[in-house]
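Number of protein chains: 2
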Amino acid sequence: MQKITSPAAFIGLNDTGIISFGSGQPDLPPPEAIFKHLETPRLFKYGLIKGDEELRSLLAKEYPGAEAEDFVITNGASEALDLVFRAIYQLHGKVGVLVCKPYYYSYPPIIELAGLKPVYTNLIEGKIDLKDFEKKLKSVKVVLINSPSNPTGRVEEMETLKAIEKLCAKHGVYIISDEVYKDLIYERENYLLKGAQVITINSFSKTYSMCGLRVGYLWSRDKKIVDTVVDIKVHTSMNTNVLGQEMARNAMHVPHSFIEKQRQIWQERRDRLYGGLIALGFDLWKPEGAFYVLPKIKNSNRVVSELFHKHQVIVYDGEWFGAPGRIRLSYALDVKLIDEGLKRIKKYIQGKESWLK
Amino acid sequence: MQKITSPAAFIGLNDTGIISFGSGQPDLPPPEAIFKHLETPRLFKYGLIKGDEELRSLLAKEYPGAEAEDFVITNGASEALDLVFRAIYQLHGKVGVLVCKPYYYSYPPIIELAGLKPVYTNLIEGKIDLKDFEKKLKSVKVVLINSPSNPTGRVEEMETLKAIEKLCAKHGVYIISDEVYKDLIYERENYLLKGAQVITINSFSKTYSMCGLRVGYLWSRDKKIVDTVVDIKVHTSMNTNVLGQEMARNAMHVPHSFIEKQRQIWQERRDRLYGGLIALGFDLWKPEGAFYVLPKIKNSNRVVSELFHKHQVIVYDGEWFGAPGRIRLSYALDVKLIDEGLKRIKKYIQGKESWLK
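In the order they appear, the protein sequences are chains B and R. Mind the numbering: the first sequence is residues 0 to 356 in numbering that gives the first Met the number 0, read in order. Mind the numbering: the second sequence is residues 0 to 356 in numbering that gives the first Met the number 0, read in order.
Next comes chain B alone, as it looks inside the complex (with noise of 0.2 Å):
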């Protein structure tokens, strides 16, 4: 059986048959607004660097304090991080970035890319270890914030993220805070990270269901930040796809019972998943917010292989995301297709109990 070693190996799976607890991406359609107006010649010339105007000014009303000036539209949150790595690299040199582990799987690859280096801070429970966090933040001009969390699922504290604020303005570190899941969260109210240092970062993608089109952004009072990052995307990408961008501008006109909408299908997805996890003994935390789960279960790498080839089944391996013993489940599935994948994985686990202690 062939070993499994990262993600690539099953993006556009044709699916059939196959239970696919892989991608993060949502299977809800868009909103259908996001169709209007789309022939006009205006959409196939260059468009700003910066993104359109009018997008950038009605994302500027849902950040208090945020102008249109200070956003930058992207081919989605994987481009905005790679631009900010590399605005970063070319004022400070190779600094240290702090990231959390487990982490989204694109950070190391995308901070070394850019030059930069990677620190690592263990999470407990999934949740930052401000201690550890503060003894690292002596090595580093960056921290890498992530939440809600992909892989974990886990939504930080808020006196956590207002601790992160003050530690990071006092040390002069700047903050990228990747909200890519800000919407959906099941447990609480999330704290959005402010301050001159702050690079927020967000996209359309799992908002409004679209992934595909690529339109992210990031945003940041920074202005030297901003500035630097346009003088980079001129000539490695130029505009953002101005079609994209249109159905962008038409998502933000969609009144927001969409997302709440959408929020209450992802928190019956997340039930069913986790308590369903739970009564096959499986060890996890409980997810506040995006779509994930991460449990415990011994040589991962064998399961996801396993899984998918036996089972038709697909997760990720936790050592993905740095950390081993565990795997990735994402809830972005029908709940009728959550249950026939949980009956795969308990006929797959049975006589193999000991490896989910």
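Incorrect hints may have been included.
All copies of an identical chain are treated as equivalent in the list; a pair is satisfied when it fits inside any one copy or across any two copies.
Unchecked claim - Pairs of lysine-lysine residues, derived as DSBU-like cross-links and limited to a Cα-Cα distance of at most 30 Å, are as follows: (1) LYS134 / LYS2; (2) LYS181 / LYS137; (3) LYS134 / LYS309; (4) LYS44 / LYS260; (5) LYS222 / LYS134; (6) LYS345 / LYS35; (7) LYS181 / LYS44; (8) LYS346 / LYS165.
Source of the hints: derived by calculation from the structure; they are not laboratory data. Just so you know, these numbers come straight off a predicted model, no measurement behind them.
Once you've looked at the hints, dock chain R against the given chain B.
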């Protein structure tokens, strides 16, 4: 009067009353057929990092010996170049890249951002000087060829290109062939660079008037390059926007007569602008492809600034392309606008005839 230091100053300007010989984007509409089948939900899912399989298969048919697996669809030719340079840095470290001067203004920064080192060879009358080229070849691992060229409008001689293929094969040097203007040649057939070490860059922007959609690609028989590009792109931007790819796929089915008709329009414009500038006393190379001319003029930065502020005419400073003492004019605009622009330029250069020598 504010000094204008880069093309970014003009991008996205509301152009009422302005005659722009600036940005290199077609004003012609894209083929209507590209709007077919756009509302399928598939368009909102993540796609393969390499890009849509059918689109790559269609592209492979256009290049002898190519296979779908040799292609990566990117956010325009810009991202293709960025990814290839970053891949070369991953594989070979800080190596040299031979760049012909004058060059497309993004070449030096995009090479440096990837951690590589530009090395320059001066063109003679807008064409490669093989003697200097061969001398410089010893200090580089990559050569970057752009024929037809932005900003010179020149097409390299077939013998030159064949000699470059041989030289690079002999010295183990990659050829990156930026062929975004390959369908816009007026004087004779182009010769597309071939070989195991060639990495071809192209896009749908110029041929199909789809600049704003940002769909480009790279292809190479060098599997290591293609795989490394994919390994980077999975983290830095993921799939290229799926809707743009769908439109590109539709564009591939547009009859070749569409391209031929566009080419005739470009040729008419070229003749108008080239002839007009000659009549005004400018010294310039006859453009053979693409849609640019690069006439001589002293005090080029002052000219750019004064033409814009006093006459509402946008031209680019040759200095941005490594050609001080020249200005770049794009003829991607209607002949009536070309005539009006020429009138304004005529007025401006009255009494400055000595600047044209």
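Query - Copy assignment of LYS181 with LYS137, given that the CA separation must stay at most 30 Å - result: within (28 Å within a copy, 53 Å between copies)
**Report entry** Homomeric proximity label, LYS346 with LYS165: Cα distance no greater than 30 Å
**Finding:** So LYS346 and LYS165 fail the 30 Å test inside a copy (49 Å) and across (61 Å) alike.
Requested in this report: Evaluate LYS181 and LYS44 at a C-alpha cut-off of 30 Å and name the case that applies: within, between, both or neither.
Outcome: between (32 Å within a copy, 20 Å between copies)
Report task. Evaluate LYS222 and LYS134 at a C-alpha cut-off of 30 Å and name the case that applies: within, between, both or neither. Result -> within (29 Å within a copy, 44 Å between copies)
Report task. Could you place LYS345 and LYS35 in one of the four classes (within, between, both, neither) given a Cα distance threshold of 30 Å? Result -> neither (45 Å within a copy, 44 Å between copies)
Query raised in the report: For LYS134 vs LYS2, is the C-alpha pair at or below 30 Å within one copy, between two copies, both, or neither?
Result: Neither: 37 Å inside a copy, 48 Å across copies.
**Report entry** Homomeric proximity label, LYS44 with LYS260: Cα distance no greater than 30 Å
**Finding:** between (36 Å within a copy, 20 Å between copies)
Report task. Using 30 Å as the alpha carbon limit, work out where LYS134 and LYS309 are close: within a copy, between copies, both or neither. Result -> neither (45 Å within a copy, 59 Å between copies)
When held up to the earlier numbered hints, the structure conflicts with 1, 3, 6, 8 and fits the remainder.
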